[in-house]
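J.: One-letter residues, chain by chain:
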Amino acid sequence: MLWAKPFTIAASQNWSWTCGSWTWMWACRGVKRPRSIGSVAGRGGRPRGRESGSWCPGLGSGPRIRSSSRPIRRSRLRRPRIHSRRRPVRRVRLGRSRRDFSVTMERRIRSRPHDVRVRMKAVGICGSDVHYLKTLRCAHFVVEEPMVIGHECAGIVEEIGSEVTHLVPGDRVALEPGISCWRCSYCKQGSYNLCPEMKFFATPPVHGSLANQVVHPADLCFKLPEDITLEEGAMCEPLSVGVHACRRANVGPETNVLIMGAGPIGLVALLAARAFGAPRVVIVDVDEFRLSVAKDLGASETVKVSTNEEDVAGEVELIKKAMGESVDITLDCAGFNKTMTTALNATRPGGKVCLVGMGHNEMTVPLTPAAAREVDVVGVFRYKNTWPLCIEFLRSGKIDVKPLITHRFGFSQKEVEDAFETSARGGSAIKVMFNL
Amino acid sequence: MAAWLLGVQTLRIQPYQLPPLGPHDVKVSIKALGICGSDVHHFKTMRCANFIVKKPMVIGHECAGIIEAIGSEVKNLAPGDRVALEPGISCSRCNLCKNGRYNLCREMRFFGSPPTNGSLANKVVHPASLCYKLPENVSLEEGAMCEPLSVGVHACRRAQVGPETTVLILGAGPIGLITLLAARAFGAPRVVMTDVDESRLAIAKSLGADELIQVSTEMKDASEEVVNVQTAMGSGIDVTFDCVGYNKTMTTALNATRSGGKVCLIGLALSEMTIPLTPAAAREVDVIGIFRYRNTWPLCLDFLKTGKIDVKPLITHRFKFTQEDVDAAFETSARGGNAIKCMFNL
Chain U
1 MLWAKPFTIA
11 ASQNWSWTCG
21 SWTWMWACRG
31 VKRPRSIGSV
41 AGRGGRPRGR
51 ESGSWCPGLG
61 SGPRIRSSSR
71 PIRRSRLRRP
81 RIHSRRRPVR
91 RVRLGRSRRD
101 FSVTMERRIR
111 SRPHDVRVRM
121 KAVGICGSDV
131 HYLKTLRCAH
141 FVVEEPMVIG
151 HECAGIVEEI
161 GSEVTHLVPG
171 DRVALEPGIS
181 CWRCSYCKQG
191 SYNLCPEMKF
201 FATPPVHGSL
211 ANQVVHPADL
221 CFKLPEDITL
231 EEGAMCEPLS
241 VGVHACRRAN
251 VGPETNVLIM
261 GAGPIGLVAL
271 LAARAFGAPR
281 VVIVDVDEFR
291 LSVAKDLGAS
301 ETVKVSTNEE
311 DVAGEVELIK
321 KAMGESVDIT
331 LDCAGFNKTM
341 TTALNATRPG
351 GKVCLVGMGH
361 NEMTVPLTPA
371 AAREVDVVGV
381 FRYKNTWPLC
391 IEFLRSGKID
401 VKPLITHRFG
411 FSQKEVEDAF
421 ETSARGGSAI
431 KVMFNL
Chain R
1 MAAWLLGVQT
11 LRIQPYQLPP
21 LGPHDVKVSI
31 KALGICGSDV
41 HHFKTMRCAN
51 FIVKKPMVIG
61 HECAGIIEAI
71 GSEVKNLAPG
81 DRVALEPGIS
91 CSRCNLCKNG
101 RYNLCREMRF
111 FGSPPTNGSL
121 ANKVVHPASL
131 CYKLPENVSL
141 EEGAMCEPLS
151 VGVHACRRAQ
161 VGPETTVLIL
171 GAGPIGLITL
181 LAARAFGAPR
191 VVMTDVDESR
201 LAIAKSLGAD
211 ELIQVSTEMK
221 DASEEVVNVQ
231 TAMGSGIDVT
241 FDCVGYNKTM
251 TTALNATRSG
261 GKVCLIGLAL
271 SEMTIPLTPA
281 AAREVDVIGI
291 FRYRNTWPLC
301 LDFLKTGKID
311 VKPLITHRFK
321 FTQEDVDAAF
331 ETSARGGNAI
341 KCMFNL
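Protein chains in written order, with full-length UniProt numbering: chain U, 1 to 436; chain R, 1 to 346.
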């Protein structure tokens, strides 16, 4: 376990981290400089075009690096900025080796004109966070440098940038993690979740938000209504995955929905499908406890299934019987060969299968017979434009996420470790939440 | 008389007792009929996917002819009219039919799909609502080509091909080629095609493909070929049509298509496929399935009438309706290669 000041850490890494912090602050003061592709000042984006090995957060290929000995000219401080008492910022970072992370002290980040500084109050652990902790990678994202973890978060605004008009200090907000570029054709057409330059909390090399404070664009901070807690605000993130899947699959008042998997994502998908008006939702899982949670959350029927591929045909029959009518849409929230095979076979001709879970890279599935019944396979990646709808669902009571928060932890080294262990264990642990 | 499928690789021209002419039916004297890959499959194996030939069945479904007699309630057609026939009679009562997706009707009776008799016959009886009058300048052979063309048109509709969608087509066989024609007619600005066979790529070029890539059947070449097709396209690939349906082609399709794009699986080769589905799904690349077509004849005839589509180059071999020619035609069609569409003239 490492308890060390940032400059001490920097000394053991490379020199550019040291001056990087200075430059980061310099950049955060809103001084105009050429933006390189992929750099987002103040967010720790990996620079492009720089010599490899130097990782200067917030630095693109444009500006020169300041050495720590050169003071910043007063004239550069003319841009509007927010003064605040400097206090060290505590964060949780993944260390160099697996399962070694530490709570370290870092300098506060200054807000930019369109950003806000948020004091984190609630952060949930996602399966991807656990994956990073266990393996230092998730799909093709690889943790190569120490990185702050966590992305499902909500907090209280402490400072606002000069251009921010819709938020004030003291506002409780839920944060949408990903900053897209807003210039590419994906962003301009509204599919910003597919932006190739996306900077997403805790997707390497971008720092996450399991920290006392973060700086974030104000337009990605959504004010919470009075009766919505900060924990519920943090739950907007996983809930968004379910909402986006329901949108992409066109769930509505006429679509019977089958959900494969009653884990955290299957359960938010269930809540979302109900909120979208699905008349009947059948959910399947291997775990009886999770099925009972699903039943409490409003599943019409639950079916216990096995992990045995030979059982597919029998399970498809059980599912159809449980549904009573045809299965219009299936959300596969597990993502394995067996669940996808079941999904493709159980869905009616002309229906849709939405692949939400990311179990295998390569899958062996009966795609052709399904395609020949015009069963479409729809993919989802994270979400887009979901926070307002999630907050509305929570406010109106159409969705209640509170039962999903099963374990709570504080923000200390021991509790962080316990929390991740609990989350990784699965079972009765659905959503593990930090209260900071 | 009709061509009856009696057993594996056994077709015989024998008498054909027509069903009675209903009030909404017409009797059509078939003049042109094309051979489809599914006909060849039925011919070779007495089955095609879940359709099994259990008793003698008339083969063939891509047809056009001249009306000989009309039922009492038929108003829009008259004897002497040249018509193209849409093969499938759906129930019109189930939810799928009533919602317009009649191609998925479970009670579908389709020419040449067992146990429904096909139309390689001198005469057939068919609902008038499924017979479409040919414009003056469209021949009976072109009328018969409406059937395969409909597959391409339906695929382009489902994949939402339009003036802004770049299209990749895997496979330059008959279906790949009509998909090319349909994609162009729908306004696709750029179409890249791949195939293992150079001569088929040459035909694709003459039909208007922008770029052609010769590919292999080796899975290990997939990643290189993805780079090649993306380079040939120049910009992101919006829609990919897999007109083959093998693991390799589907893998190429899923990897080459841009995020948020669509892969349309038309080729029905394998039952089970091993493909990188998750990385594609995680880029929101959707997989769209196709089953035959629906509401496509009017559009096909319009494309043919205006010249937006010219199917005549696809008809490479012609045969008469004799026992010898029937055998030769199926043999030629099964051979593939330079035989794109084998057409009977009755």
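Since the hints were made in silico from the structure, they are not lab data. Please note that a few of the clues may not be correct.
[Claimed, not checked] Here are some chain R residues pointing at chain U (derived, C-beta under 10 Å):
id, residue
1, 215
2, 269
3, 273
4, 322
[Claimed, not checked] Covered by chain U, per the in silico footprint, the following chain R stretches (three or more residues, Cβ under 8 Å):
id, segment
5, 6 to 16
6, 275 to 283
7, 288 to 295
The model shown is predicted, which means the values in this text are computed figures rather than measured ones. For glycine and all other residues, C-beta sits at the position ideal for the given N, C-alpha and C.
J.: Hint by hint, say whether it matches the structure.
T.: Here is how each hint holds up against the structure:
no. : hint       : in the structure
1   : 215        : violated (20 Å)
2   : 269        : holds (7 Å)
3   : 273        : holds (5 Å)
4   : 322        : violated (34 Å)
5   : 6 to 16    : violated (count 0)
6   : 275 to 283 : holds (count 9)
7   : 288 to 295 : holds (count 4)
Against the hints set out earlier in the document, violations occur for numbers 1, 4, 5.
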